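**Q** What follows is each chain in one-letter form.
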Amino acid sequence: MIYALFADMAVADNGSRQGKVRLTKWYSPYTQKERSKVIRELSGVILTRGPKLCNFVEWRGYKVVYKRYASLYFCMCIDQEDNELEILEIIHHYVEILDRYFGSVCELDLIFNFHKAYYILDEILIAGELQESSKKTVARLIAAQDSLVETAKEQASSISNIIAQATK
Amino acid sequence: MAGTSIMETLFQRDLDDLIKGIRQQQIKESLFISKAIEEIRREIKSTDLPTKSAALRKLSYLSSLHGADMSFAAFHAVEVMSSPQFFYKKIGYHAVTQSFNDDTPVILLITNQLRKDLNSSNQFEVSLALECLSRIGNVDLARDLTPEVFTLLSSSKVFIKKKAIAVVLRVFEKYPDAVRVCFKRLVENLESSEPVILSAVVGVFCELCLKDPRSYLPLAPEFYKILVDSKNNWLLIKVLKIFAKLATLEPRLAKRVVEPICEFMRRTEAKSLLFECIRTVLSSLSEYESAVKLAVVKVREFLVDDDPNLKYLGLQALSIIAPKHLWAVLENKDFVIKSLSDGDYNIKLESLRLLMSMVSESNVAEISRVLINYALKSDPEFCNQILGSILSTCCRNLYEVIVDFDWYASLLGEMVRIPHCQKGEEIEHQIIDIAMRVKDVRPALVHVCRNLLIDPALLGNPFLHRILSAAAWVSGEYVEFSRNPFELMEALLQPRTNLLLPSIRAVYVQSVFKVLIFCVHSYLLHKENISSVNTDNLASEVPESVFARMSCENSDLATSEAPASSEQHDSFNPRNINQSFGDLSIENGGDATVSNSQASTSASLGRNSFTQESIVNLFNIVELALGPLSRSHDVEIQERARNVLGFTDLIKQEILNPVVQGEENLARAETEASRVVKLMCDAFSEELGPVSTSAQDRVPVPDGLLLKENLADLETICGDIQLPLSSSFSLSSTPLGEAVDISRTNLQSKDETEPSHESTSLLAEHRKRHGLYYLASEKSEVASNDYPPANDPMSQDKLNDDAEDLLKLTEQSLAPKKKPNQAKPRPVVLKLDGDEISVAAKKPELKDDLLSGVVQDVLLGNDGVPSSSRSNRSENLSGKSKGKEKLNTDLSLETKENVPGEKMPDHVNTSSRRSKHRSHGKERRQKGQGKDGEEKEDNGQKKKRKSNHHRGKHKAHQRADEPSNVVAQTPVIPDFLL
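As they're listed, the protein sequences go chains A and B. According to my numbering, the first sequence is numbered sequentially starting from 9. According to my numbering, the second sequence is numbered sequentially starting from 68.
So here's chain B without its partners, still in its complex pose (with noise of 0.2 Å):
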């Protein structure tokens, strides 16, 4: 045995030798190291102590660059460490430091040579265990240990003093009791004529302060001695980091720190200190405004500095006083907006938050003017910040800021415009918002939208599909604004649009739809008028059709080509046809431009066209292009392409025929059509408006509806795929109907209405140019959500008024939207189509809820640490103060601590505190820094443990007490410290 350990010291691998042969990479990395693992795990169990000490080494470091798993030689990492030669010592201790955490098993075995080498007469051997205990000290060696560090609080050497102070931070952490034995003497050092020692003691109290200042108050005079007293920036910045802690607190320290800061940061040449300074003033003693002023001054030394460290603190300080002092933002605008062209993306973004806490009403169009300059240089990610800032500032308070809606819809088409633009759900969800919120913005919106169909060039980029699918929308629903709805048809049924995903695509022939019936209807309009002129001549016609009559002679000049091209391609496959339309489209316009110029607008051109040939020309687009949507393997897609083809049949022969039949027929032979025209158009011209989520439940169920009943119905209809056209209308159109009560969901009941009139009414004062439909209580996320729920309360106003078919379509519609789970296929999925948007709607506070999920993966999860030392610190808090009564009495140490009180007469807290100190000892001290009912709950717990106190075993006890209690009060620190 003695031999084999003999061979393996001469011949064994030493960490040198390790490290030569992974850079050597002869062979792989990961096999070397495994490679190396293996002999290190044969050497580890040596007894003799330089072969396993040098394994343990090789070990430490494969473990720290190479993420090996070292939990195997815990054991060997204790025998090592407890050799009694330091050079294999700090191996020992540099292994067990290195992997050792609360869960190693082994941690249980170092307690006695922790004590042993705290005990030791080599400072260098204490050094070892008090860094070791800093960095794995748990419960119970934190318990086990705190008389050790409590001797060595008041060691003579410096070295070693330090040390202990530094570690009683991670003693407080793991066990609050040890403040009772601990505190004083931390507390002592506080006048420290040693820099060194003063630097520790002042780090500890700093860490502590920041969990929770409020404990820490009356120590304020001693801090402030130093603030005065003190030439050293290290420590000065700590104090002042503390001093922004309590200065929030206590006003009267406020004033008093004023100051001296103002004279740190006029004088300081060391940037660390000035930029502790200006932050402490400006997080901290905003009030003061001198001191505003000063650091504001100084911050824009900071921007206009080379460095670009500086220029980041710079922005970073502004954001920190621009709640409260705008000013100082306004002051520099010129800088953040210069920043935001600076080659660092941190730079870029700091600029950016700045920027946009300067929006306002009056500069909101202008910062927005830059932004999107900005975002059209700059790179995808960047582009996205920027595009998403805006939108999420200009959305805000239900677009508190916005006052022009134009200029915000022209921004939003602007926006989709840019390249990189990927911020499609949000613009989506903003464009079908203001369209439902704000009545005068729709003409304006409804141009947009229609720029952005007509592009064949943004269907090619899936990232603006969503905003696509909203501009179908809001192009369906306001096409009554539309200039020139055939236009806005072959956008709509533009060969590109398969690129669509199935559910957008079914937005768009639902909006085919809506504006097919718009235009036939305003063609009949347009007949009756032109018939009603003949008959006699009363002009109390709808604008539309007056500016149909008048110029219907041009229109004809502009569309009689139109038909006559697509007629040529009718007997081609539908697929060419498609293609055509674009061709169509760009003719039809420059015929129209050349026939009209002289006369009419375009505006008006678009009225005149509702001729019979243009809308046989409709039919037969709309049927082509559709004709394949109805065999599509998507059921939305099917079923609406189906509603509309069924419509079209239906309507199509009544409108040819009187053109066979001649003039006298025509009136009587379009009644029935008209009728069917004239009841969808109402249908779908119904109002819609934002719906807040809970308006569902606002609307009772009608008596005598019988659910189920219904929905059988609804089954039989549904079952019937192939329209009967032949049938009835009330039975042909039921389908149709419902299709477009759901994807409208329109109509509100009259309750739901009601309350947004009220409430534009309310707001009509302050935004008079615009009425913004605002709902009694809720966001403007909320709204888009609504339009399916929205289908109710229009049952019940169709109920009264319109045709008694409705009444059965809409019970229907209503009844599986109170069931979903029971829903038919349609109605589920026009659900979806609202969920997407309320996904959209919603999926802003998902992310945050998110984000902060991460971040509390990091604080709680990833790293125990600062979660326990959270939870731990409000123990510690508690257990401090109990702590400084512990030491008055029981180790019957004079009350030191009471000095302070006396420096600071002006300190409400001290003086009660010293008031009651003299009757009453220890319970003054609670009652007298005025802690909040968490600390009094300790102070009764803390009563009962006095009663039968006695250190050791006991305390072990109460300890696991409190952790409940704890756990109840940290939701709140973590929350204050983030």
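Extracted from the complex, chain A is given alone in its bound form (with noise of 0.2 Å):
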């Protein structure tokens, strides 16, 4: 079962190897403290490894796979019986996936489309399991939201408009 999930940038503006968190996800109940906890523990173990090690790390009696890309690290915080190379495939997964929508995704990308990445991430994991394996099917998911997204912006905007101009 994954138990969290977050991708946190590599190197930050100042040349500091602090990673600043772009995305962050919990499948088990932590407190806004203990979520900050982890992820300035897990930053410092992480980041601080170089390229061409292995992806996995022990952690206080979990497991923790992350792999890089780019500049950013997805990071999934996993069971010591979970098995490793399958998270890494979930990550790759992801990340894939995130490409196809955003077309080539960039860090960008995830930081003003943060929900965005949620829902996709949402419709591939559930409850700390994958759901869907299909790439295809994520991306036709989350068109359908998508333009039903749209047709409820659509309908506030024009709404707005309408009482913007009345009250002129």
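Since the hints were made in silico from the structure, they are not lab data. Since we're looking at a predicted model, the values are computed, not measured. For glycine and all other residues, C-beta sits at the position ideal for the given N, C-alpha and C. Heads up, a few of these hints could be off.
Every beta carbon over 10 Å from chain A, so not counted as near; a handful from chain B, in silico [to be verified]: (1) Arg90; (2) Arg346; (3) Arg436.
Straight-line C-alpha distance at most 35 Å; calculated DSBU-like pairs for lysine-lysine [said to hold, decoys possible]: (4) Lys124/A - Lys87/B; (5) Lys124/A - Lys28/A; (6) Lys360/B - Lys405/B; (7) Lys322/B - Lys28/A; (8) Lys322/B - Lys71/A; (9) Lys95/B - Lys144/A; (10) Lys360/B - Lys161/A; (11) Lys41/A - Lys405/B; (12) Lys28/A - Lys360/B.
Relying on the hints, combine the two individually framed chains into one complex.
**A** Next up, the structure:
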């Protein structure tokens, strides 16, 4: 079972190796304080690891699987019993879908569309388990939801336009 | 009002603005965020939904990435979530899912909204609600929404169905009674033709199985079918995990699955599946040799792969199999050793663990050699990892793997020399431990310790001070094995010892005392021998004296220069002299080799040099070095230093005087001094041995021992810090003797030593080369604790033999120990000494506790899910079986679960279940499954419930009962999981 996922930036603007978190998702209840602590600790462990090392870190009885894509690290915290290679594939799966959705995804996409990254993730994982292994299906579902959102948005904006005009 | 909200809408900063603002960093980030949150607080109260939702969205962003608190917005999130428009609903759900937990009060308000959305015709709304439930579902939500989830389990839309299945896991955890309702539909889905559904349901069972596999044994046929039929790797990995659990419970099942799994191993291209197969075989099917062999071949492929991930996993796989099939590790030894120098710390660590699992009597030296070389080359952290694992492996089961202790002693010495060594505590403990336990190692160990003590460089490294303390203790305690006590004395008194902690310095001073006594005693023996040689030519002396006599000319040569040089310095202040010791020892050594090179070995040199001058010189050195210490602020040092000085004052006069008086008086004049010296020497030369922690309890308080009286006595003695030198021996030596006793802790009672001899004889067969001194029942760690308690036995010992004076002393030292709270400063300090060591001994356990504590912390405290899932899991299982029954009867659905049983006729449980099924319906299930006690208990409970069963309120009460039940069971389960 996956306990948490987050994407961490490797090198901050000021050049320090202290990462900036771009995305977090928790599949088990942590308080805000614990979340910050976990992220801080794991960033410290993972971001300091050099390239060409293995992608697994043991951490407090859990395993953390991470993978670096450009300047972004995707990390997942899993049970001892879980299959590390499978988790790596899930991470890759997610990144591929992001890539397909945003069209060669970059960090800025995640920064400005963080909610979309969440919705995509929600179509891939549920309750800490992989729920959809087909990229096509996920893309289709996300597109369908996007269109729903768009219509809602259009409605909203048209209404507020009406009100705005009415009050002028 | 309407106006303001429109203004807000128009001029509100949306999420993009917020993100841009943070990125521009025109002002400090934290300041910017707190400003933004203030803005959000205002906006979120707006009645205008767009404004409100935009504010909520910003808040969610700040909360997830910048750790902002969003609990104040809980109610607003609920409002947004209940919007009919999907766009806002989504924002609301996201906020709720992200921020709600069991303690959020408004969680009560969302039940109806969730129900409504679960029943929605829009599949995306249903999906939002399901996702929300999967994440924040608590007991109430799980209970109230079980019917909806149940309905969705048979949804025609795959998209909904798979999510509903995933949510079931959470619902079961929180509300075990849901098992009754949903379990059957869940099981039916195991036969779904839709891969996505199958994958979801197997995922749920995989999680359930990890917690308590036994309950799912009856489903094995379904899983087997999936294992054989499926081509989906994601699915297969999960099924393999299930079988890894089930196969350990049911050997016949193992037999069935081993072949398909081997087939996967041969054919699959996917590394993740391959690894899962390997792991399953190594952990659960290790009796099937051909499968294990195949798996090991595959592991080897992993090991030689360039991908560090595979290398790491390969090593991990080996460590799974190491306890059962060590050959697999030995076969890959080269790779393991090579991995020690890998660039990846994790890989290095893994290979170190593996390497340690290979250690045996025959290869311990070789492996240690390799590891020490790696330790020298590697970074401090890993270096200490290596040292730590060597130490812990070697001391396992009373140094089980060590045959050649001389080698081990030199290994310990070598470790100390490694620049990064920080294992002081552990090495200290082991040096003392083996010194006490292994008689034969003492000469070698004393030599190692001497090398450590004599090196002034080591004193500069605070990590090594504890080792030096042990070295000083060993050198003092077993000084008779020392090749050159004078050199040792200089080492113990070298000026850089002021870098040591007071407690360790006190050990040094005590060792000085022991060495001094030894030297003086040897000198006196030597003198006696000379005189006895003069009078009559009997030659029945101790070897030392023989040596002394034979080469006494040589020794004169050797030492004549040393006293001279030290006498020169006498007039200067002590400091200078201290500094000169180093030179002195070198001179000494140099002279010695020069003058004696033709005839005597260095060992005999040491023995020879007990001449008048050398002893006088010794006294001078001691007095000069310890003089300042007698005014030390540390009571322990001060006291011990004064003891030594008092002793030298007492003895020196009598030894020096005869020189003036002449030969005839010598014998008579020295009698008193020699008596004292002999007494002390005897006291010091009592054999020390490891003592169990429980030894104290076994020592009866001697009859007629009045503790109070003795304590009072002790007080007067200790108050008397100015040692009255003129007073009689018994008084003046009282403090000395006591210090001696305490520090040495020596002298076990006969009762104590006897058992150890017995055990030695028992072990003698298999350890002929070295007599290990084992205690009947105690572990090695215990040994060093005792040297204080060991005093007590000694007191009894002494009672019988030696001087009356000592009787008093020992009683006094005994008394405080029995009642530590009344203890006088000295014994207490000594106990401290002992404590330190005992701490060192106990540390490993403590660390383990801490470690597991941290793990527990993370599991139970920091993240509730594992703990709750665990506790709930046990409920589940019990609940699940109930669920099945209920289904069968209450919902009057066919008992389809029984079908699996037919597919696997050789399955004992299923068959028994089936037969019972016909007769009993419900009850057969539980009995047939062969559940353990807990489940039966639940059974009972369940029947009670059934008697007045009505779903709804009643169940809430039952649930409240259940947890208490569960709490009692959980302790077992987490262990198993971890």
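**Q** Which earlier hints turn out false for this structure, listed by number in ascending order?
**A** Violated: hints 1, 2, 7, 9, 10, 11, 12.
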